[in-house]
Structures are given as C-alpha cells and as structure tokens.
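Work out the full structure, taking the sequences as your base and the hints as a guide.
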Amino acid sequence: MAPKTHISYLDTIRGLAALAVISEHFVIAYGLPCETPLCQQWLDFSPLHIWWDGSAAVSMFFVLSGVVLSLRYFRAGHIPDLSEFHLARFLINRMFRIWLPYLLVLLISAGLFVNTFDSAILKTSLPATDWITGMWHKFPLTPSDMLRESFLLKLPALIVLLPQAWTLSIELVLSLLLPVGLLLAGRGSSWLVFFGLLATSLLGVSIFLLHFLLGMTIARHYTDLTHYLSGRRWQRRLLLLTGLAFYTCGTFVPSDIFGDTAVWLGSGLGAGLILMFVLGSNDAQRLLSQPVLRQIGKVSYSAYLSHMAILICLTPLVLKFLEGFTENRLALWFGGWLITIVCVQGVSLLFYHWLEIPSMSLGRRVTDAIASIGKPTL
Numbered sequence: 001m002a003p004k005t006h007i008s009y010l011d012t013i014r015g016l017a018a019l020a021v022i023s024e025h026f027v028i029a030y031g032l033p034c035e036t037p038l039c040q041q042w043l044d045f046s047p048l049h050i051w052w053d054g055s056a057a058v059s060m061f062f063v064l065s066g067v068v069l070s071l072r073y074f075r076a077g078h079i080p081d082l083s084e085f086h087l088a089r090f091l092i093n094r095m096f097r098i099w100l101p102y103l104l105v106l107l108i109s110a111g112l113f114v115n116t117f118d119s120a121i122l123k124t125s126l127p128a129t130d131w132i133t134g135m136w137h138k139f140p141l142t143p144s145d146m147l148r149e150s151f152l153l154k155l156p157a158l159i160v161l162l163p164q165a166w167t168l169s170i171e172l173v174l175s176l177l178l179p180v181g182l183l184l185a186g187r188g189s190s191w192l193v194f195f196g197l198l199a200t201s202l203l204g205v206s207i208f209l210l211h212f213l214l215g216m217t218i219a220r221h222y223t224d225l226t227h228y229l230s231g232r233r234w235q236r237r238l239l240l241l242t243g244l245a246f247y248t249c250g251t252f253v254p255s256d257i258f259g260d261t262a263v264w265l266g267s268g269l270g271a272g273l274i275l276m277f278v279l280g281s282n283d284a285q286r287l288l289s290q291p292v293l294r295q296i297g298k299v300s301y302s303a304y305l306s307h308m309a310i311l312i313c314l315t316p317l318v319l320k321f322l323e324g325f326t327e328n329r330l331a332l333w334f335g336g337w338l339i340t341i342v343c344v345q346g347v348s349l350l351f352y353h354w355l356e357i358p359s360m361s362l363g364r365r366v367t368d369a370i371a372s373i374g375k376p377t378l
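In case it helps, my numbering puts the sequence shown at residues 1 to 378.
FYI, nobody ran anything at the bench for these hints, they're computed from the structure. It is possible that part of the hints are untrue.
Said to hold, decoys possible - Derived Cβ-Cβ restraints for the label pairs, each shown as a range:
#1 S83 / W234: 36 to 42 Å
#2 P143 / P47: 44 to 50 Å
#3 L349 / K123: 29 to 35 Å
#4 A120 / G346: 25 to 31 Å
#5 F334 / L82: 47 to 53 Å
#6 L112 / R237: 43 to 49 Å
#7 P156 / A331: 37 to 43 Å
#8 W234 / S8: 23 to 29 Å
From the three backbone atoms N, C-alpha and C, an ideal C-beta is built for every residue, glycine too.
Set out below in structure tokens:
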C-alpha cells in the first residue's frame, strides 16, 4: 500500500489544531465561559481542556509537519525514494509557502497596529484581560522593529504584530532539516532518534525537532501501521485513549515540577499516537474528510496567521454589538467566540485565495525558471 502524496484528512487535523489555538487565545483574552469554580475546574483541569489546548495543538503541528513533508518519499517502503527530491526546489518552495504569506499578513497587521496603537481601548461587558488589551497598545514599534519581525529565521525576543509567529520560525527551521532527516531515515529509525537527541541536548536545537522526527518515523512506517491497525479495532481504541491522555497531559502534569520539556514531550507523543490512530481508522478518516472540516483544514495556515489581528481589532466590536441584545455573560462569551471563529474562517478563505495560492504559484514559477536556466537550448 503506497502512501498518498497528499491526504486531506491530515489537513483537517491541522485545521482543528488551529481552532484550538484560536480558542485558547480567546480564553486568555476573555476567560472561560464559567460562573462557578466547579465549572472552571472541569474545563481547566480535565481532558475537556482539549478544545482550547493551544500548547498541545502546537505539538500536533510539528508532528503533523514531519508526517506530511516526508510521507511522499516513503512510497516504496522504509527506505526514502529521493529520486524526485531536489534540494533547491524544496527550499525555495518552502520559503514561498511559509514566509511570503507571513510577510503579507505581517504587512496588513502593521497597518492595523498603526491605526490601533493610539486609539482608545473599547470597554465591553465581557471584560478583556490585560494580555489582549495591551497587545497592540503597550508596546510601541518603530519601522525597524516591524522589519525585525519580518525575518522568520531570527525573530526578536518580543514579538508584537504576530506573537504566534514563534512557532512559524521553528517550523521553517525544522522543515529545512528535512533532507538530513530523510538521509538518516534511510539508515533506520534509530539514526533519527540519535540525531534528535544529539541536536536537542548538545546543539541547542528546539525540542520540537523530536516532534518533527516522530512524524517522519510515522511516515516511514506508514504502510506497516495502516496495514496492522486497519483490522484491529480494540488496538486502535487503546491507541486513541492513550494518545489523548498524553496529548492533554498539560492539564494534569504540573510543569513547575516536571518542567515544560516533559509536558511538550508528552503532548508530542500523544499527537503521534492520535495520528497513528487516524491513519489506521477508516471511520475517522471519513469523518475528518467531511467538506466543512476539509475547508477548515485548507485555510488553517491563514487562520493561524490572521486570528490575532481579528481578536484584537474585531472581537471587541462584536462583543459591543452583542451587548445590544443580551447582558448575559455566558451568551456574550459564546456569541463572541463563535463569531470570532466565523470571522477568522471568512478572512482566512480570502487570504488562502489571495495570498497563499499566489505565493505557492510564484514559488513554483521561480523554481521552474531556475531549473530552465541550466537546461541546454537546442
């Protein structure tokens, strides 16, 4: 069973992870939809936390990236087929895929920031936290500061315009390490483990390299995993339950005792187990392939890029509008959250067609033009 080069239901998982990040930022901005301490504890310290567990979603991003970027090279088995891998083409396309849309959204965000910084903070019945009100009001930026935020490979310590960009910086670096990972994978998974531990412990590479390499390992064993799990329902269920337990470990494993690294490793392992479950479950694949969910997955990158600007500039206006209909805190919270999600999806659909697709197309034209330079003319 040769793995497909593009699997749409994996896009859906990325889209759902992006929704979790957006929901987490909404919760940080406006609190949980709770009026009792018991409700707060249920949503904050239980697996129910998964719907706004942005940290676990970040782990999912990196494991999923390792799967998606390397899967096409394991069509024939455990040894990667590098006959169609062209390093320069890959690097250029990756830059245009990640960096160019980021620069365009950064430019739009800079314009909104300039318009927002000196404006009055809109007060709403659902009170906003200092985290969100101060995001574009307490940190003045000069043009040179904005320019420094455009360089994804070395972002400043304080990221103001797109604070979520720290993950994109790591994602870009890790994806550029794909050629090394593929060469090591040809020798065996143990080489990936050795490289990951060496790079993270001695060379200072981000701990998320281990997530990325876990994704590559899953891609390397794609055929075996799908064949083994497809006919074993109870094993798949156990895999899912175990994966969810590790994925949400941040809710019950105190990072001040075990450290952030342990939590990141646990959620990364959980993300890998969940992905293995999905790869072996036709029912899960059909569910995740529903058109609405596929659409969320398709625009997930634009949603991730644009949601902070919408949360800062548009959500307060939405909440003010809803106050004209109700003063109930729960109704305001759910209305604000839902409309924010819908607005993010709408803007993301536009950005996908206006920014992402043209960026990818331009990257392909650039690589084609570079390839044609070296071809002899008749």
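Going down the list of hints, with the structure as the test:
no., hint, verdict
1, S83 / W234: 36 to 42 Å, "40 Å, holds"
2, P143 / P47: 44 to 50 Å, "46 Å, holds"
3, L349 / K123: 29 to 35 Å, "31 Å, holds"
4, A120 / G346: 25 to 31 Å, "27 Å, holds"
5, F334 / L82: 47 to 53 Å, "50 Å, holds"
6, L112 / R237: 43 to 49 Å, "46 Å, holds"
7, P156 / A331: 37 to 43 Å, "40 Å, holds"
8, W234 / S8: 23 to 29 Å, "27 Å, holds"
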